[in-house]
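Those sequence lines, one after another, are chains Z and Y. If you're matching positions, the first sequence starts at 2 in our numbering and goes up one per residue. If you're matching positions, the second sequence starts at 7 in our numbering and goes up one per residue.
Think of the hints as simulated: they come from the structure by calculation, not from any bench. Treat the numbers as computed from the prediction; the structure is a model and nothing was measured. Just so you know, even glycine gets a beta-carbon here, dropped at the ideal spot from N, CA and C. Careful: at least some of the hints might be erroneous.
To be verified - Partial chain Z-side listing against chain Y, Cβ under 8 angstroms, derived: (1) 13; (2) 51; (3) 69; (4) 92; (5) 112; (6) 118; (7) 121.
Said to hold, decoys possible - Here are the computed lysine-lysine pairs in the BS3-like style, where the Cα-Cα straight-line distance is at most 30 angstroms: (8) Z:74 x Y:63; (9) Y:76 x Y:89; (10) Y:63 x Y:20; (11) Y:63 x Y:89; (12) Z:74 x Z:4; (13) Z:4 x Y:20; (14) Y:63 x Z:4; (15) Y:15 x Y:77; (16) Y:63 x Y:76.
As the list claims (entries may be wrong) - Far from chain Z, some chain Y residues (derived; all Cβ distances over 10 angstroms): (17) 8; (18) 26; (19) 58; (20) 73; (21) 108; (22) 109.
Spelled out from the first residue to the last, the chains are:
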Amino acid sequence: AQKITQTQPGMFVQEKEAVTLDCTYDTSDPSYGLFWYKQPSSGEMIFLIYQGSYDQQNATEGRYSLNFQKARKSANLVISASQLGDSAMYFCAMREWESMTTDSWGKLQFGAGTQVVVTP
Amino acid sequence: DGGITQSPKYLFRKEGQNVTLSCEQNLNHDAMYWYRQDPGQGLRLIYYSQIVNDFQKGDIAEGYSVSREKKESFPLTVTSAQKNPTAFYLCASSISGQLSYEQYFGPGTRLTVT
Chain Z
2 AQKITQTQPG
12 MFVQEKEAVT
22 LDCTYDTSDP
32 SYGLFWYKQP
42 SSGEMIFLIY
52 QGSYDQQNAT
62 EGRYSLNFQK
72 ARKSANLVIS
82 ASQLGDSAMY
92 FCAMREWESM
102 TTDSWGKLQF
112 GAGTQVVVTP
Chain Y
7 DGGITQSPKY
17 LFRKEGQNVT
27 LSCEQNLNHD
37 AMYWYRQDPG
47 QGLRLIYYSQ
57 IVNDFQKGDI
67 AEGYSVSREK
77 KESFPLTVTS
87 AQKNPTAFYL
97 CASSISGQLS
107 YEQYFGPGTR
117 LTVT
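Same shape as in the complex, but just chain Y (with noise of 0.2 angstroms):
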């Protein structure tokens, strides 16, 4: 089946330590996304790449950082700059090209820091 995988879907880690989540697609999509979810809010875009080897700081970039060196991964490292790290991350998918592609999303890593 095809789709967008996220690990692990809870992650601890204290204070000061930088932390990277996984997101693995095998939807042949050439876009893919990071996304922030605070509590009882919508998303925020942390990160995004269209090809390989290329990615753009979205809304909220700081402290955090990506790299996209195979077209079917794009990982996110929390770094300690992180003010407020703990949140709920989304990765998304989509081809590229046309206004009505939705993306396509993973199931989230809820990371906690403390």
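For reference, chain Z alone in the conformation it holds in the complex (with noise of 0.2 angstroms):
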């Protein structure tokens, strides 16, 4: 069963505009992380910010920010004032604590990702 769901194939938006990216998650495990990755056309993953389960604050870094809503599982990306340079594929990712104990060994699991354009 898919356990990361990004609804959003793509979008484009305005350079120095705010964009919310979607991300849903499905766990039964209470202690969990996740986590939002870049990807730009070169190829190379490149970590954003992480928030973890029990944390009480909303996680942010610059202009990075996540709206964490754990009752619905829920955990969108906002990038604040877009910039040329944020165009790239935005993945959303978790690794649940119960996979630390297994042997799976705390292995990340990725939605299919969100294209995002910036338009001058």
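Please assemble the complex out of the two chains, which come individually in their own frames, going by the hints.
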């Protein structure tokens, strides 16, 4: 079963505007971590932000913030003041605590990604 | 500088040939991973390794093999048994033991088999 769902295959955003990328997840584990990665056209995956399931506040890293709604199992990424360099594929991923105590060794489970194109 | 190197960036092979993709890290990470990415899709886990001389199959291990003889190195062999090997391959590593530890990725190898 799909654990991470990203429903937006692609979106356009104008430079300097904010954009929200949706991510919903499915887990029965009370302890888990959520990650967002950026993949530019060069292919390398770049870590952006992390949110733990027990974190009281939403994570922020510069222009990136995570809108974490635990009851809705939602972890949307917000990019403020978009720049042309933000054009990339964005992936949401999850690690469950239970996976760290089994032979899964805490593997990350990725969504299908959202392609973002920032226009001037 | 610490990081992960993958070589080569582009690789071309004829059908029926085995090919080995290199992955080296100098981050002193225990865990290493191989992912496959097809156009417009997410990452799928092929193999992963927590310690030297031990590794586990991921979600799509058929047609692939790995070794972990050194902590720094985790080469992936795409065998002739892999039915559709053309894809983008990403290697990653991480510290193990904490939920919050992110995976660090290499630049990837784009394999084309004709």
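Hints, verified against the model:
1. Hint status for residue 13 (chain Z): violated, given a least beta-carbon distance of 16 angstroms to chain Y, over 8 angstroms.
2. Hint status for residue 51 (chain Z): holds, given a least beta-carbon distance of 6 angstroms to chain Y, under 8 angstroms.
3. Interface restraint check for residue 69 (chain Z): the shortest CB-CB distance to chain Y comes to about 14 angstroms, outside 8 angstroms, so the restraint is violated.
4. The beta carbon of residue 92 (chain Z) is positioned within 8 angstroms of a beta carbon in chain Y (closest approach about 6 angstroms), and the interface hint is therefore held.
5. With 8 angstroms as the threshold, the beta carbon of residue 112 (chain Z) comes within range of chain Y, its nearest partner Cβ sitting at about 6 angstroms, so the hint holds.
6. Interface hint at residue 118 (chain Z): violated, since its Cβ lies 14 angstroms from the closest Cβ of chain Y, which is beyond the 8 angstroms cut-off.
7. Because the closest C-beta pair between residue 121 (chain Z) and chain Y is about 25 angstroms apart, greater than 8 angstroms, the hint is violated.
8. Taken as a hint, the residue 74 (chain Z) and residue 63 (chain Y) pair is honoured in the structure, with Cα atoms around 28 angstroms apart against an allowance of 30 angstroms.
9. Between residue 76 (chain Y) and residue 89 (chain Y), the direct Cα distance comes to roughly 29 angstroms. Compliance with the 30 angstroms bound is thereby established for this hinted pair.
10. Pair hint residue 63 (chain Y) plus residue 20 (chain Y) holds up; C-alpha atoms about 26 angstroms apart against a cutoff of 30 angstroms.
11. Taking the CA atoms of residue 63 (chain Y) and residue 89 (chain Y), the gap is near 17 angstroms; set against the 30 angstroms cutoff, the hint holds.
12. The suggested pairing of residue 74 (chain Z) with residue 4 (chain Z) holds, with an alpha-carbon distance near 11 angstroms, which does not exceed 30 angstroms.
13. Restraint check: the Cα-Cα separation between residue 4 (chain Z) and residue 20 (chain Y) comes to about 36 angstroms, which exceeds 30 angstroms; the hinted pair is violated.
14. Distance restraint check for residue 63 (chain Y) and residue 4 (chain Z): the Cα-Cα separation of roughly 19 angstroms lies within the 30 angstroms cut-off, and the hinted pair is therefore satisfied.
15. Between residue 15 (chain Y) and residue 77 (chain Y) the CA atoms are separated by roughly 22 angstroms; this keeps the pair inside 30 angstroms, and the hint holds.
16. Taking the CA atoms of residue 63 (chain Y) and residue 76 (chain Y), the gap is near 18 angstroms; set against the 30 angstroms cutoff, the hint holds.
17. For residue 8 (chain Y), the non-interface assignment is confirmed: its Cβ lies about 14 angstroms from the closest Cβ of chain Z, beyond the 10 angstroms cut-off.
18. No beta-carbon of chain Z comes within 10 angstroms of the beta-carbon of residue 26 (chain Y); the shortest separation is about 19 angstroms.
19. Distance check on residue 58 (chain Y): its Cβ is at least 14 angstroms (rounded) from any Cβ of chain Z, clearing the 10 angstroms threshold; non-interface status holds.
20. Residue-level check passed: residue 73 (chain Y) sits 17 angstroms from the nearest beta carbon of chain Z, beyond 10 angstroms.
21. Listed as outside the interface, residue 108 (chain Y) is inconsistent with that label: its C-beta sits roughly 4 angstroms from the nearest C-beta of chain Z, within the 10 angstroms cut-off.
22. Look at residue 109 (chain Y): its CB is around 6 angstroms from the nearest CB on chain Z, not clear of 10 angstroms, so calling it non-interface is violated.
Checked against the numbered hints above, the structure breaks hints 1, 3, 6, 7, 13, 21, 22 and satisfies the rest.
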